[in-house]
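Student: The residues making up each chain are set out below.
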Amino acid sequence: MADEILVLVDHTGGQLAPATAELLRVAAGLGTPAAVFLAAGTPPPVEALAALGARRVYAADAPAFAEYLVVPQVAALHSLVQRKQPAAVLVPAYPTGREIAGRLAVRLDSALVTDAVAVERATDGGLVTSQTAFAGSYQLRGRTARGTPVIAVAPHPVVDAPSPPAAGEPVPVEPIELPTEALATAARIVERIEPERSGRPDLQTASAVVTGGRGLGDGERFGLVAELADALGAAVGASRAAVDAGWCDRSLQVGQTGKTVSPQLYLALGISGAIQHRAGMQSSRTIVAINKDPEAPIFSIADLGVVGDLFAIVPELISRIRSAA
Amino acid sequence: MRVLVFVKHVPDASGERGFTPAGTVDRTLPCRLSELDEHAVEQALRLIEQAGTGEVTIATMGPPAAAETLRKALAMGGHAAVHVCDDRLAGTDALGTSLVLAEVARRVGFDLIVCGMASTDAGMSVVPAMLAERLGVPQLSFAAEVTVDLAGQRVRIRREDGRDTVIAEAGLPAVVSVTDQIGEARYPSFKGIMAARKLPLQTWDLAELGIPVDAVGMVHAAAVVESATPEPPRQPGRVVVDDGTAAATIAEFLRERRLLPSSGRN
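For the protein sequence lines, the chains are A and B, in the order given.
All residue numbers in the first sequence are consecutive under this note's numbering, ending with 325.
All residue numbers in the second sequence are consecutive under this note's numbering, ending with 266.
Source of the hints: derived by calculation from the structure; they are not laboratory data.
All residues carry an ideal CB built from backbone N, CA and C; glycine is no exception.
All clues stand as given, with none of them false.
A few chain A residues that don't get close to chain B, going by computed Cβ distances all over 10 angstroms: (1) Gly-29; (2) Ala-64; (3) Phe-65; (4) Gln-82; (5) Lys-84; (6) Ala-118; (7) Arg-121; (8) Thr-123; (9) Val-158; (10) Val-171; (11) Pro-172; (12) Gly-246.
Where chain B lies over chain A, by a calculated footprint (3+ residues, C-beta under 8 angstroms): (13) 93-99; (14) 109-116; (15) 136-145; (16) 183-191; (17) 273-286.
Bound conformation, chain A alone:
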């Protein structure tokens, strides 16, 4: 169906990630949203997908999705695109999503765009995409020129349209035919290492992020970052200095060689704001920084900067936030 926009559903064991709702909204602005649900041993949450605007659900259930990396999902999407000839395929721009998008674009010899923050339909049937570049310092507008565009959509995309109305009638569910191919079983997952569950939101998709840097002084006092984050319902992040000092896990690093985040609120504690750090956070909506050095570069991009002793300020801030909640 040429008007159909396929959305690869982002989920963990059937629990929908925020990206699913975001991508379905983007899809609704482009055509008829259709959810593609790939899982190992989980039935598609059809009603939840319909409530988010999906007009059709394509589903496949196979152990391969949990046992092998990336390619089984590519094979499923490829088979579906060949059969349905959609207008575009949207995938969430997390690492696996990017890889799925890249491989699918090769198979389809089609346009590939990553980190799109907005997608519109062009008059010629292609898509017009917006992206940011160089850590948010440039705004790019592009167009897709060939094939079935494959777009990896950034977290929190800009969507003008209101949330699509939920489907009035039952949403049809169609199984996806899974082709067999040798490459799909070439990269095998031999072990899954369960992360320590912090119970906090994911750093890259959280609406608020609290990060700590060198100014925390030591690993024990770094705990203050988590305390403030918990009071705000925020994710915890860190500067490279804090990671290198071993105060927290490397997966929490924000910056050029770590993660790029653009939450509604970014609250930096004891971070000077070196260019490499700013590269990972300067597109945040609101930035608040506390640092004892009035010359810290972070103040040049902060909406509110406080020159002061974070150990005096943060505990009081936590109790004020708690009492406001």
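Chain A is already provided as a structure; the job is to place chain B on it using the hints.
Tutor: Structure of chain B alone, referenced to chain A:
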């Protein structure tokens, strides 16, 4: 073991970066070996050191100045280099880049291809996957740790993609991409820099690779950047010196902007 490392000559992220009127990254500004690719070179060197045998070939696609990036990677310890350089490659998208790099890989030959997890300019993180797709070999990306079992012809990684951590493995030949977690990249030694000058650096154009001109470049790009507009620099806001009321000031600021958890922030 033949290890092939693909690197990129990118604008230095700590300096000025911009775009040409045609919407491509301006590579006339100071450029360098991408920091994330230094880790790929490092990983490749460690693998042959551990194996006690093997050669590391460094390859790139880029303008003439990209030869400096190859020399740097050779100075770190690489054995040979290939530079794909052709004016008609300007504006090539990821599809075209993966097409060219795949052809280089076929010609050079490899047991393992090592890439960085992303370039520091376009930052798409897609080329290793696209390369594996074109070569029809397994792909293990976002590796924080790589081990090769030469006798068994297998490669195993710890994949840390920021969401999941898994141990994954595949047979050789394969493509891996590594994160900065594999460890610090070595600095070129003086001896290494001197030796690198004498190492073979081949330059290939499209004709030598047998790639038709109309398969690459901006003309054939499937995704085109039509405009690149600098964002107005972020305006500094209010900076206050704590006089004992800073916590109240911040709390009030968050409340005004509806950023407190109770105010429906989403």
